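Novice: Listed below, chain by chain, are the residues.
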Amino acid sequence: MSSIEVNGKSYETDEEGYLVNLTEWNEDVGKYLAQTESVEMTDQHWEVINFLRDYYNEFQIAPAVRVLTKAIGKKLGAEKGTSQYLYELFPYGPAKQACKIAGLPKPTGCV
Amino acid sequence: MLNIVNKSPAERNALESCLRVAQGGAILLIEDAVYAATRGNAAEATLRDALSRFKVYALAPDLEARGMHDRVMEGIATVDYGGFVDLVAEHKTCQSWL
Amino acid sequence: MSEGTIKKFMFVNRKAPYGTVYALESLEVVLITAAFDQDVSLVFMDDGVFQLKKGQQTKGIENKNFSPTYRALDGYDIEKLYVEEEALAARGLTEDDLLVDVAVMSRADLGKLMEEMDVVLSF
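In order, the protein sequence lines correspond to chains A, B and C.
For the first sequence, the working numbering gives the first residue as 1109, with consecutive numbering after it.
For the second sequence, the working numbering gives the first residue as 520, with consecutive numbering after it.
For the third sequence, the working numbering gives the first residue as 420, with consecutive numbering after it.
No wet-lab data here; the hints were simulated from the structure.
Be a bit skeptical, because a hint or two may be false.
Each computed DMTMM-like pair below joins lysine to aspartate or glutamate, with the alpha-carbon atoms no more than 20 angstroms apart [as the list claims (entries may be wrong)]: (1) A/LYS1183 x A/GLU1196; (2) C/LYS472 x A/GLU1166; (3) C/LYS531 x C/ASP493; (4) C/LYS473 x B/ASP589; (5) C/LYS478 x B/ASP599; (6) A/LYS1204 x A/GLU1124; (7) A/LYS1204 x C/ASP458; (8) C/LYS483 x A/GLU1155; (9) C/LYS478 x A/GLU1124; (10) A/LYS1178 x C/GLU444; (11) A/LYS1178 x C/ASP493; (12) C/LYS499 x C/ASP458; (13) C/LYS426 x C/GLU535; (14) C/LYS472 x B/ASP589; (15) C/LYS472 x C/ASP458; (16) C/LYS473 x B/GLU550; (17) C/LYS478 x B/GLU583; (18) C/LYS473 x C/GLU535; (19) C/LYS473 x B/ASP605; (20) A/LYS1178 x C/GLU504; (21) C/LYS473 x A/GLU1166; (22) C/LYS478 x C/ASP520; (23) A/LYS1214 x C/GLU504; (24) C/LYS478 x B/GLU550; (25) A/LYS1214 x C/GLU447; (26) C/LYS472 x B/GLU563; (27) A/LYS1178 x C/GLU498; (28) A/LYS1182 x C/GLU444; (29) A/LYS1183 x A/GLU1148.
Among the chain C residues that face chain A by a calculated CB cut under 8 angstroms, a handful are [stated by the list, open to error]: (30) ALA454; (31) GLY474; (32) PRO487.
No experiment lies behind these values; they were computed from the predicted model shown.
Don't be surprised by glycine CBs; every beta carbon is placed ideally from N, CA and C.
Same shape as in the complex, but just chain A (with noise of 0.2 angstroms):
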């Protein structure tokens, strides 16, 4: 087990980095993930990653790619629903880099 501090507080991550109890988490330690990413937040990137913790609440898994897609254009407006825009505030995919930027287990299927 490692860990990160943000803030004073110490908190639990597994070997990749990815926060072990994700109750845990609030916006700095999002904004600390972020830069462990080398990600710029913007608000377009605090949508996916809102839109992504409400998916875990609603079903209690992270979605796959293809999901959080079609998903994401169903709920955000269709120009936002490409991996393509997904890719581009998350170069190095969205399943798996903004997941861990929203306090989410990797997800299922995802290597």
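Since the structure of chain A is provided, determine the placement of chains B and C on it from the hints.
Specialist: For chains B and C alone, coordinates are given in the frame of chain A:
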């Protein structure tokens, strides 16, 4: 004797064997065996008949986890983990029917 | 698996949740299979029908409640969920007790459906 059963009556015959062999005392249903304590399940009649010979308990957290806490049949008491410990302490022997 | 080949997969779920790890493992394999664009059907029979029971609250046993994930299957284009009629009845359950839309089928019809599959995996 406290008889503890943890397998669903539809998957294994642990409860059936227990009812057939045990000579009375208490039965505590835990884990997947709590389904036996619910109304409308196929083992209901068998277990109901056994209520005259056994005091039957079911573990509440296991019922809740499975969404079955509101359909426990009459005559069966639910206990929490503390009640589980009390039952073990009250009886001279325990048998887990695996 | 060569690209473009779509096979008919059926996952047969026969065990109650939480008592063993089969139900959760099956669900994870189903989600992975869906990522490969296959034709996926799910069958819930015997104690497997309990996996879909509404109102599961797992705080007391300190397990993850994975029942909400069945509601996500629709988003994964997994829409073929079949439940054994006799199994429901034997457990005092009806279709209204289930947390997702399913097709209720007789044992005999499920058996026929299984014959049409390319791959059947039992959990």
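Novice: Which numbered hints does this structure break?
Specialist: Hint check: 3, 7, 8, 9, 10, 15, 18, 19, 20, 22, 23, 28, 29 and 31 fail, others pass.
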